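Asks: Whenever a hint applies, use it, and build me the whole structure from the sequences.
There are 2 protein chains.
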Amino acid sequence: MHNPKIKEIEHLFMEFMPLYHKKLSPIFRENDDDEFRCHKNQKRAIMIIHRTKGIILSELGRYLDMRKGSLTSLIDALVENGLVERREDVHDRRKTLLYLTEAGEEYYRQMMERTSKTYQKLFSKLSEEEIEQCLQGLQHVVAALKKI
Amino acid sequence: MHNPKIKEIEHLFMEFMPLYHKKLSPIFRENDDDEFRCHKNQKRAIMIIHRTKGIILSELGRYLDMRKGSLTSLIDALVENGLVERREDVHDRRKTLLYLTEAGEEYYRQMMERTSKTYQKLFSKLSEEEIEQCLQGLQHVVAALKKI
DNA sequence: CTCAAACTGTCTGAAATCTAACTATTTAAA
DNA sequence: TTTAAATAGTTAGATTTCAGACAGTTTGAG
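Chains as they are written, first to last, in numbering that gives the first Met the number 0: chain A, 0 to 147; chain B, 0 to 147.
Just so you know, the hints here were simulated from the structure itself, not pulled from any lab data.
The structure presented is a predicted model; accordingly, all values stated were derived computationally and were not measured.
Possibly wrong hints are sitting among the right ones.
Identical copies carry no separate label here, and so any pair may be met within one copy or between two of them.
Calculated lysine-lysine pairs in the DSSO-like style (CA-CA distance at most 30 Å, straight line) [to be verified]:
id, residue 1, residue 2
1, Lys-145, Lys-94
2, Lys-94, Lys-22
3, Lys-145, Lys-52
4, Lys-4, Lys-21
5, Lys-116, Lys-67
6, Lys-67, Lys-146
7, Lys-52, Lys-116
8, Lys-22, Lys-67
9, Lys-94, Lys-116
10, Lys-39, Lys-120
11, Lys-67, Lys-145
12, Lys-67, Lys-39
13, Lys-4, Lys-52
14, Lys-39, Lys-124
15, Lys-4, Lys-116
16, Lys-39, Lys-145
17, Lys-94, Lys-52
18, Lys-6, Lys-52
Replies: Below you can see the structure in the form of structure tokens.
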């Protein structure tokens, strides 16, 4: 019942997450020339809504690891700023579908432009081989997380 | 200057993080039989202090992606509950070193016991080969994050 | 069909986190 | 040596997130 390799995976995640926060999370704090003054979690929400258009609030909360109650006000602010819009779900009247507005998509593009520069700068410290291994490693980890 | 593989890595991280939050983060929310009623970030802090004994507040903040100002009160609560202790740094009087108390280590052990059960259950859905690939993948990603 | 269980989003007051100052200490350049 | 810049931790007030309760809707078992 107890698989030692899974235990190793657990340890690696505990090593991985602090490293991610230290090296990569700060990217979402960068607030220079952010006309809407979005904070970190608003930016994370925008990135997810862009990728999964029509997502509902509850599911967004799962992806962000935030409670749906917190998201009501977070999304309210984004709607007020004209970056996000709510639409009713025709097939399930409980649900509200979330989309980026055109302004939201534009904001997303600008955000990604800055993000990419930071990624390029950071990972250029690695050799081509290390980059390749990181890339393939991430693919395997993502594939695993999708299955569990 | 622009490396397309780094761009792929960036995309994979953007896919990875929401998946991690959805599948693995909830583990730290489990609050059954938690006599100290530690919330998620307190648990994350305890895990990091266990791994990096004698860490200072500012560095802990980087690993948690939290501001040092927030950590003063977070650590205060853990100290009051007898799980963490502050010690002065003899060589640099600005610094305060953080350690788990014996009760803190015991709390950590109990938390890890529950965590491990959840990891075992989740990852047992994967084949041996998929587990191996996830494991090796994580090793490469961690190695990369350490270098950048 | 009926009705309980599950799920949606919102609300309210409590709790946690953030921003931005501030003091103290160390580092390093002048 | 002197001094400016960088870093550590704390504090106060503003902002964000939380837990828990709520009403409306859908699902599914009997």
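Asks: Go through the numbered hints given earlier and state which of them the structure violates, listing their numbers in rising order.
Replies: 9
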